[in-house]
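A.B. asks: Residue numbers (numbering that gives the first Met the number 0), protein chains in the order written: chain U, 0 to 353; chain G, 0 to 417.
Please note that the accuracy of each hint is not assured.
Reference listing, derived: stretches of chain G covered by chain U, where coverage requires no fewer than 3 residues with Cβ under 8 Å from a Cβ of chain U [as the list claims (entries may be wrong)]: (1) 192–205; (2) 240–247; (3) 369–383; (4) 387–393; (5) 398–409.
List time: in silico SDA-like cross-link candidates among lysine to any residue, alpha-carbon distance up to 20 Å [stated by the list, open to error]: (6) G/LYS29 / G/LYS54; (7) G/LYS414 / U/VAL43; (8) G/LYS397 / U/SER143; (9) G/LYS397 / U/LEU146; (10) G/LYS80 / U/GLY26.
It is worth saying that the hints were derived from the structure and are not from the lab. This one's a predicted model, so the numbers in the text were calculated from it and none came from an experiment. Positions of the beta carbon are idealized from the N, C-alpha and C atoms, including for glycine.
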Amino acid sequence: MILIGIFVYGFIGETIWTSMTDWGGTGALALEPQKNFVGLENYVELFTGFLGGNFRQDLVNAVYYSVMLLVGAIGLGMFIAILLDQKPKGEDVFRTIFLYPMSLSFIVTGTIWRWLLAPQGGVNVLPTYLGMKPLTFEWLSSQSAILVFNWQDILRIMVYIASFVLIMVGVFVLRKDVNRAMKRWLVPGIVLGVAVWLFGDVLPDALFMEEDHGFNMATLGIIMATVWQYAGYTMALYLAGFNGISQDLRDAAMLDGASQVGYYRFVAIPMLKPITISAVIILSHISLKMFDLVFAMTGPDNAETGHPALNMYLTTFRGNEFSKGAAIAIVLFLIAAMFIVPYLIGQYRQRGRR
Amino acid sequence: MKMSFAKILVVLVAALVLAAPQSVQAADLKGDLEIFSWWAGDEGPALAALVEIYKKQNPGVNVINATVTGGSGVNAKAVLKTRMLGGEPPDSFQVHAGQELIGTWVKSDRMEDLTPLFKEMGWMEVFPEGLIKLIGTDKGIWSVPVNIHRSNVMWYVPANLQKWGVNVPQNWDEFFVAADKLKAEGVVPLALAQNWTANHLWESVALASMGGDKWDALWSGKLAFDSPEVVKAWELFGKVLSYTNTDASSLSWQQATDMVINGKAAFNIMGDWAAGYMTVTKKLVPGEGYGWAASPGTAGQFMFLADSFCLPKGVKHRDNAIAWLKVLGSKEGSDTFNPIKGSISARIDSDLSKYNAYLQSAASDFGKDHVVGSLAHGVAANETFMGGFASVMEMFLKSKNPTAAAKACAQLAKKAGI
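In isolation and in its complexed conformation, chain U is listed as follows:
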């Protein structure tokens, strides 16, 4: 307990402290570097400062990347698990094949996929074996982006998202308790949304100039590699879950006239909600920490595929901006906490109810 206290929470505290100092610049590497307390200046700089542009891009990349990875890995993993749950011939062999990528380190995965997705090789030359023209899609070096938004509007966008979440929760609660849903969620949500829509101009711009960020097509290659690596893992999770559902239940569902699709849709997958939640948590924090794969596939200083963890490393150890690097680390830590803390609270509540 004491060790955890020092080596986990102590160091988190130390990093928070460092992120509020001005440790950096010349002389940063001295045996006794000068550190002065500057409060939240580093954070303000990261989110609204002129030089934080690539951090913001990396953050946007990370968000898109996490969402795509979750959808991809869980969707594909579940799909394979359902196929294998049908007990096809050679199930063991397939299971091994699909789980195998898990055993590789990211740096190996990254190197393999870097070759596969090289502009003039790998996947792109496949059609030539059939006598067709090679593909020209630039998996890792494309510079086009979709779903672009302007960082100036970030406050407005945040409020819109908040109002959207409130309304969604409201709709969800509506079935159980109409009164509470209206009072607590729906009305505030709608009011918030309308208010921003009408008076959004009052909110200050985050930056003094336009700065566009979006989902870069070049991250597709990285997402593919990660999905490849983790689909097998979620498959294993789901397969274990499916096997845990008793045969009686399945027979009962079939007897009641459920089709195969119906069985999974209404019986099996809802029963595996805890597995889905843990998969989401594990994958989301992996995607936030992603470093080696991006480094191996597209290298440092690549705005199209940049990632906050990589940015932190470069800021800290190349630019000697230790305090700024610490601030990036804390931002990542807080985002990861956003995923994990609700889960932990949910777990404790369940245990309390029992």
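Since the structure of chain U is already known, use the hints to place chain G on it.
C.D. replies: For chain G alone, kept in the frame of chain U given last:
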């Protein structure tokens, strides 16, 4: 007859006496020597040749080659910092001469003063004065330079240019004319690789756009980074970028050079380690297999960088490290290392007959050109600026906004104390 015989004897004895302490001293050295660098792959053999000389002189020392790969030392520098902060310095590490050494390590008071060594070995006379200024401050001299590289060189294959009917452009306007012609033929006019090579290209373009005096003024803080001259340099750079390959970010510099060799691209701007790569690895004859020129608009300017090795404070095998530095600074070491590495010697008395045609021409240019420091390779600015500049470049490659880039650089310069 007798007299002369006696004289010869005296000379022989004197020579023996002089040689003896050195060999005794050399044989005394034991233990390890850890050399930290980013020279691997194509640059590895040059380092190996140096280590071989060292081993011959000091057979008792076990040399540990702690190489961390990555172009321009991107990865190595990060590993090095972790080790230095952790109080575990390598016995000697590679560092670019200039602000990377002074602004980072000397300012932090982590280096040992090598002035006594320079005096003992007589190096004050054999290294050019300008270079000693770059590796020294008023408090001492901080590293031993092993080579001089030129950064503003444009490479091409003469036979290919003839085939496409293109001349070597003297300035960027001529380049754009040639480039349109090349594009029409389906050839990439200028091969580019991952992002640090964009920094590399930027400094050549900016030098051409501003001229050597303004370049110097920029780094001494006399010319603002958001002044019209610099914005113009960014604009030109943006235009040059539009003639490069779109898959740049996924290539290494060697792959970009390969594009020129195998005729996919016409030109490539890279430091003269590319000459080493093409001569040693690709077995091309300089002047026939590949040709070179100063990058457009920079004739008469020699943008240089120098690799050097230093002695951190508190190393475990200090004597072994000093013996290593002695090898590096010696004429034998320098003239063994540089022809393989593809660079010229930092010493003014080097034996030019050992160098190939390209290096001889570089050495003669170094003697007469206006010498300016490279940004991408740590001479012009300290690491705070360089680290930030990489991010600015990252955003520029994406947004192509010259004004924003210039303004960001101005903020960065303020922070880095330029």
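A.B. asks: For each hint given before, does the structure comply? Return the numbers of the non-compliant ones in rising order.
C.D. replies: Per hint list: zero violations.
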